[in-house]
Amino acid sequence: MEYTADHSGERLHVRISGVLTFDDHERFKSIVKLIASGDETQVTLDLGQTKMIDSAGIGMLLLANDRAMKESKKMSLTGVNGHVAKVIELSKVDQIIPIT
Amino acid sequence: MGQVVNFDSGPENAREPKTPVARLLLGTIESANLVLNETTTDVQAQAHRLSALFTSLTDASNEQTDRLSELVEQISSVEYDGGEVDLVALPRILEESLEEVTERILVLSKQGVSLIYSLDAILEEIDELQSCITEIEAINRQTRLLSLNAQIEAGRAGDAGAGFQVVSTEMHTLSRRIDALSEKMRGSTAIVTRSIKEVISSIRTEYEELSEIGAMDLTQQIDAKEHLEILLNALVARNDEIHGVLGHSTDTARRISDEIREVVMAMQFQDRMKQRTDAIVKALDAVAHFLDDHPDLVSDESGCDTLKKNILDSITLSDVRREFGQRFGVEEARPSSSPSGGGDLDIELF
Chain A
0 MEYTADHSGE RLHVRISGVL TFDDHERFKS IVKLIASGDE TQVTLDLGQT
50 KMIDSAGIGM LLLANDRAMK ESKKMSLTGV NGHVAKVIEL SKVDQIIPIT
Chain B
0 MGQVVNFDSG PENAREPKTP VARLLLGTIE SANLVLNETT TDVQAQAHRL
50 SALFTSLTDA SNEQTDRLSE LVEQISSVEY DGGEVDLVAL PRILEESLEE
100 VTERILVLSK QGVSLIYSLD AILEEIDELQ SCITEIEAIN RQTRLLSLNA
150 QIEAGRAGDA GAGFQVVSTE MHTLSRRIDA LSEKMRGSTA IVTRSIKEVI
200 SSIRTEYEEL SEIGAMDLTQ QIDAKEHLEI LLNALVARND EIHGVLGHST
250 DTARRISDEI REVVMAMQFQ DRMKQRTDAI VKALDAVAHF LDDHPDLVSD
300 ESGCDTLKKN ILDSITLSDV RREFGQRFGV EEARPSSSPS GGGDLDIELF
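Listed in order, the protein sequences are those of chains A and B.
When we follow numbering that gives the first Met the number 0, the leftmost residue of the first sequence carries the number 0, and every step to the right adds one.
When we follow numbering that gives the first Met the number 0, the leftmost residue of the second sequence carries the number 0, and every step to the right adds one.
Chain B with its partners taken away, still in its complex shape (with noise of 0.2 Å):
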């Protein structure tokens, strides 16, 4: 950082100058000095107010960056069943869900269909079944009437067909019991056709309430899955915007902290400022140290000399030295090198 310059202009019993130039002279430089050393105090104090104001700056601005990271992490996605889900994930698992309500119904669809099929078969059997039923009977019928001539038949021998009478009669009795038996088979039969139909019936009427909500057509299905596809497409752009806009907002953030950076770089001048002060202050140190020394000479060829000896050994700063070199007539030898403590370029601040 800068030199500090001691402003002491000699001890409080140095000797005054005799003549009231040189009195004011010292004034005035005296006074130069404190003003340019408050000037560069205040100066000093302010860019380092600024450069820590613009570094908060920076840290601020990357920690709204690093918040606005964490908010889109936190909008993107919720807590489920103990786990993070993606809200871009969301549609697809609904998607998932509704492909699975999709593949039962058209299963339960093929295992109604083929139900009813089966039923079918099984009608058209209790069909065959019933018209058996139907030639046994016209068959009982023909042997009961055959029975019935065999009594008649029996009767009219007297006591040579008393034994086929009992025949007939057990002939009738057996026409009888099939009949019975057959009666009891179409009864069944028709028990077993009407709860088929039933059956069929009840089969129909589910279909056609699910045909009623919509859910046999697949309308509904296939509303939602093209739903759930612009949902899933709103979403994914939705995201990449989302990120797109984050991904700007950090390179500006990144800008902004670049840029303040170079701000704070450029606050240095205030270091070369109070280099350049310095300087003066300490050439304007000389010569009051000078008047104060010697106030007898400031009239004389070769006191003057020692003077400008003075000022330019008192100014450590190249450039400053050389300008007030030209000015007293002195030549000096420019630096080939950058010594430390040399030219303009060579202030090493930060």
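Next comes chain A alone, as it looks inside the complex (with noise of 0.2 Å):
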């Protein structure tokens, strides 16, 4: 996995791209980290170019959801599509995580 941060605003923008699996716990804990620490309201995970995630990376997706609630965030996941698209019609994470 590797992702890039952009922030503008109000908005915390993260693209993440590879796949997202157990392996990649200790990277996106950086990712939590900026969710937690940075000013910004929104925070957006961009799925785009990730081709792959289990359910552990599922799993990392709802804890990073869980620290921007805590934090009075709102997180949203956007670029869904492929395999990534089906882990998440079949995990109803779409309806706890908003997809734009």
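Warning: the hint list may mix true and false statements.
Label-pair restraints from in silico Cβ distances [unchecked claim]: (1) Arg237(B) x Ala84(A): 27 to 35 Å; (2) Val87(B) x Pro97(A): 28 to 36 Å; (3) Ser76(B) x Asp93(A): 31 to 39 Å; (4) Arg203(B) x Pro97(A): 52 to 60 Å; (5) Ser16(A) x Glu124(B): 31 to 39 Å; (6) Thr249(B) x Lys50(A): 53 to 61 Å; (7) Asp93(A) x Thr218(B): 16 to 24 Å; (8) Ser16(A) x Val71(B): 50 to 58 Å; (9) Asp93(A) x Leu93(B): 18 to 26 Å; (10) Thr40(A) x Leu180(B): 44 to 52 Å; (11) Glu123(B) x Asp65(A): 17 to 25 Å; (12) Thr249(B) x Asp65(A): 52 to 60 Å; (13) Ala35(A) x Thr133(B): 25 to 33 Å.
Here are the simulated DSS-like cross-link-like pairs (lysine-lysine), alpha carbons at most 25 Å apart as the crow flies [stated by the list, open to error]: (14) Lys196(B) x Lys28(A); (15) Lys85(A) x Lys224(B); (16) Lys224(B) x Lys50(A); (17) Lys91(A) x Lys224(B); (18) Lys50(A) x Lys109(B); (19) Lys69(A) x Lys109(B); (20) Lys32(A) x Lys196(B); (21) Lys109(B) x Lys28(A); (22) Lys73(A) x Lys196(B); (23) Lys69(A) x Lys32(A).
Listed next, the stretches of chain B that the computed footprint assigns to chain A, with coverage defined by at least 3 CB atoms under 8 Å from CB atoms of chain A [stated by the list, open to error]: (24) 88-102; (25) 115-121; (26) 216-227.
Since the hints were derived computationally from the structure, they do not count as laboratory data.
Computed from a prediction, not measured in an experiment: that's the story for all the values here.
The C-beta atom is built at its ideal place from N, Cα and C for all residues, glycine as well.
Combine both chains into one complex, guided by the hints.
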């Protein structure tokens, strides 16, 4: 997994590429820290370049959402497609985290 | 139904016609009457038999349709846990189970990652604790060095430094105890660190094992969900087809019943035939009786007129009577309405 973060006003935009699996939990922790520490009130995780995600990856997205809510921030997902879209539909994550 | 005709041509001791022609004519008429009557009876019996067979056929067709409906009901559901489960609903139940399993996998995954994050945080704190222990040990080393120096200086001072010698010795003892304590703390933190790393390693192993059986990337669940959706659509389509066929079969059975009913109605021809035959039988019967009663009047003009009248009076079926009247040169007024026992259209059989 690779990621880039853009800070734009009230919004934090994080683009995640590659695969998001259990092995990426260390690196994903830095995204969670970014979400927790920034001043932005809106967080968008862009999964347009994410090729594959496993249940641990979904768990990490849910953790990031929990952390954002704890900091009174609104998190959403964008660009979901392919395998990622199927997993999100199956896991009903879209009922917890808004998809734009 | 048809009228009953008395074919009894007269008492046994009735007078025989005198002329051979009259006797021949009488015999012919009586034979023809007998054959006609037997034919009528035979046709009537066969027509009733056919009607009964067709009615039975209609009942059998309806029963077949009912059985087909019952069969469709039976194959579209199964008994389970004391209740009826619709087969079409089965994939939906399996899908719900799959969603439940998936949801639990996600909860476990989230908790696993969350646990690892918490353990990582504890490890960071332990690292900090170990740095503190290292710092304490460094300070203690300096303290011990100072106590040694103090002992040396106290020795040089002789008796004056005897008290200081005691204090520096206690400091040295204290330093050794601090060393022992820091060593114990280092050992404890090492054990805790090792345990936490084992837990993290164990979680990682669990994830790897789950990944090997495809539970982590959810590929199997996605495939299963897609297969269940295909199965569900196929079952719904098949169910629709079965109900379509059943509906078509019911329509066909109804049409067969209707057509058989029409056939039975059409077979009422035998009643018309019987009434017409009866009319002829009566006419012939009248001739036979006339010949029997008036054997000497067959060549007389007034006798023939009487015979014509007897024949026409014996015929109750209007169109047959009209036909005979025309042949006899006797005009008869056509009935304006349809009295009972009148024209062709007035035959009410069923």
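Hint-by-hint comparison with the structure:
no.	hint	verdict
1	Arg237(B) x Ala84(A): 27 to 35 Å	holds (30 Å)
2	Val87(B) x Pro97(A): 28 to 36 Å	holds (34 Å)
3	Ser76(B) x Asp93(A): 31 to 39 Å	holds (34 Å)
4	Arg203(B) x Pro97(A): 52 to 60 Å	violated (32 Å)
5	Ser16(A) x Glu124(B): 31 to 39 Å	holds (33 Å)
6	Thr249(B) x Lys50(A): 53 to 61 Å	holds (55 Å)
7	Asp93(A) x Thr218(B): 16 to 24 Å	holds (19 Å)
8	Ser16(A) x Val71(B): 50 to 58 Å	holds (54 Å)
9	Asp93(A) x Leu93(B): 18 to 26 Å	holds (22 Å)
10	Thr40(A) x Leu180(B): 44 to 52 Å	holds (49 Å)
11	Glu123(B) x Asp65(A): 17 to 25 Å	holds (20 Å)
12	Thr249(B) x Asp65(A): 52 to 60 Å	holds (59 Å)
13	Ala35(A) x Thr133(B): 25 to 33 Å	holds (30 Å)
14	Lys196(B) x Lys28(A)	holds (17 Å)
15	Lys85(A) x Lys224(B)	holds (10 Å)
16	Lys224(B) x Lys50(A)	holds (20 Å)
17	Lys91(A) x Lys224(B)	holds (13 Å)
18	Lys50(A) x Lys109(B)	holds (20 Å)
19	Lys69(A) x Lys109(B)	holds (16 Å)
20	Lys32(A) x Lys196(B)	holds (22 Å)
21	Lys109(B) x Lys28(A)	holds (13 Å)
22	Lys73(A) x Lys196(B)	violated (34 Å)
23	Lys69(A) x Lys32(A)	holds (12 Å)
24	88-102	holds (count 3)
25	115-121	holds (count 3)
26	216-227	holds (count 5)
Of the numbered hints given earlier, the model fails hints 4, 22; all others are met.
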